[in-house]
Amino acid sequence: MTGSSDVVAFACLLAGAALCLTAGLGLVRFPDVLSRMHAGTKPQVLGVLLVMVGGAIRLDGWTNVWMLLLVAAFQLLTAPVSAHLISRVAYRRRHVRRDLLLVDEYGGPGRQDARYHGDEPGDAPPEQPAPQPS
Amino acid sequence: MSVEPAATRLRHQGPLVVWLVLVWMLLWGTWSWANLLSGLLVALAVLTLLPLPHVVGGTRVRPVPLLAFLGHFVLDLFSSGAEVAWQALRPGGVRRTAIVRVRLRADSDLLLTMVAEATSLVPGSLVLDLDREQRVMTLHLLPVRDLEDVERKKAHVLVVERRLVRAFGSTADVAALEADRRDEVPTS
Numbered sequence: 001m002t003g004s005s006d007v008v009a010f011a012c013l014l015a016g017a018a019l020c021l022t023a024g025l026g027l028v029r030f031p032d033v034l035s036r037m038h039a040g041t042k043p044q045v046l047g048v049l050l051v052m053v054g055g056a057i058r059l060d061g062w063t064n065v066w067m068l069l070l071v072a073a074f075q076l077l078t079a080p081v082s083a084h085l086i087s088r089v090a091y092r093r094r095h096v097r098r099d100l101l102l103v104d105e106y107g108g109p110g111r112q113d114a115r116y117h118g119d120e121p122g123d124a125p126p127e128q129p130a131p132q133p134s
Numbered sequence: 001m002s003v004e005p006a007a008t009r010l011r012h013q014g015p016l017v018v019w020l021v022l023v024w025m026l027l028w029g030t031w032s033w034a035n036l037l038s039g040l041l042v043a044l045a046v047l048t049l050l051p052l053p054h055v056v057g058g059t060r061v062r063p064v065p066l067l068a069f070l071g072h073f074v075l076d077l078f079s080s081g082a083e084v085a086w087q088a089l090r091p092g093g094v095r096r097t098a099i100v101r102v103r104l105r106a107d108s109d110l111l112l113t114m115v116a117e118a119t120s121l122v123p124g125s126l127v128l129d130l131d132r133e134q135r136v137m138t139l140h141l142l143p144v145r146d147l148e149d150v151e152r153k154k155a156h157v158l159v160v161e162r163r164l165v166r167a168f169g170s171t172a173d174v175a176a177l178e179a180d181r182r183d184e185v186p187t188s
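Chains A and B supply the protein sequences, listed in that same order. Quick note on numbering: the UniProt record's numbering labels position 41 of the first sequence as 41, and the sequence is numbered without any gaps. Quick note on numbering: the UniProt record's numbering labels position 163 of the second sequence as 163, and the sequence is numbered without any gaps.
Here chain A stands alone, though its shape is the one from the complex (with noise of 0.2 Å):
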């Protein structure tokens, strides 16, 4: 192990895991589900294909490297998967902040449920259409 890469493989395990720390930060920061999911797939993913690299970089043997591989595809196939259901569950769900909106291109009725705000228990019966005002 020469110096170089060794100062390289740190750089990239501590930029890793600050930009993790941020997608944790986020997680609380962040004002609705949607935004959050935003810190869950990108500084998440950058983070730990970072850790990756630095790994990879130190640590001996190919062995360690191939499965380091397969976590970073992995990462890079599943998180937006994830974020995508959570998102679409909570959009819904009306767990949206819509005074942050500057532009909702996908409003109007069938896509939210009209009067579950999500807050039901787990076994509700399925979302009926509103009544109607009479």
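Check each hint, because a few of them may be wrong.
[What the hints assert, rightly or not] What the simulated footprint calls covered on chain B by chain A, stretch by stretch (three residues with Cβ under 8 Å from a Cβ of chain A suffice, anywhere in the stretch; the number is not a length):
id: 1; stretch: 97-106
id: 2; stretch: 141-151
[Said to hold, decoys possible] Going by beta-carbon spacing under 10 Å, a handful of chain B positions derived as facing chain A:
id: 3; residue: Val18
id: 4; residue: Val21
id: 5; residue: Thr30
id: 6; residue: Leu37
id: 7; residue: Val84
id: 8; residue: Gln87
Because the hints were derived from the structure by calculation, they are not lab data. Here a beta-carbon is modelled for each residue, glycine too, at the ideal position from N, C-alpha and C.
Dock chain B against chain A, hints included.
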């Protein structure tokens, strides 16, 4: 899906078998014939026990556009990571977000999946919904400054789509893309 000829089935499942064997080998970390054979066995068992719908569509890989896409993707990944990290750290917190819809031009399941995955990781966007019939993707944008910024981010999604279709799309996909040049607006 049980009545199709074995050859067609093998052709459709081929890439999946290769991927599963590759994952198996990477997990073991060493190359050996025993690993290859056991990986093949496991892959075939997985595909038999958990059959997946075929990914059809003439997808091909073009090396040079693929490299271009990967280069841009890594750059985008860094800039979006930094951007969202800054949004999490800045004193004021998040002020403005937006939900927009973008009509895509790619018309294959695989390409749309790739575009959705890629746009979730590049600056500012998160996929809320993907309407397969209309090819309309609904996105949540996190740091938006003004309406102009929203338009710029929508255009950027189309640029990502263009890069991906050039790298993976069939000839027909690329032709459909060239016929529609909405993303050619200056995106400086």
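Structure-based check of each hint:
| no. | hint | result |
| --- | --- | --- |
| 1 | 97-106 | holds (count 5) |
| 2 | 141-151 | holds (count 5) |
| 3 | Val18 | violated (14 Å) |
| 4 | Val21 | violated (13 Å) |
| 5 | Thr30 | holds (6 Å) |
| 6 | Leu37 | violated (18 Å) |
| 7 | Val84 | holds (5 Å) |
| 8 | Gln87 | holds (7 Å) |
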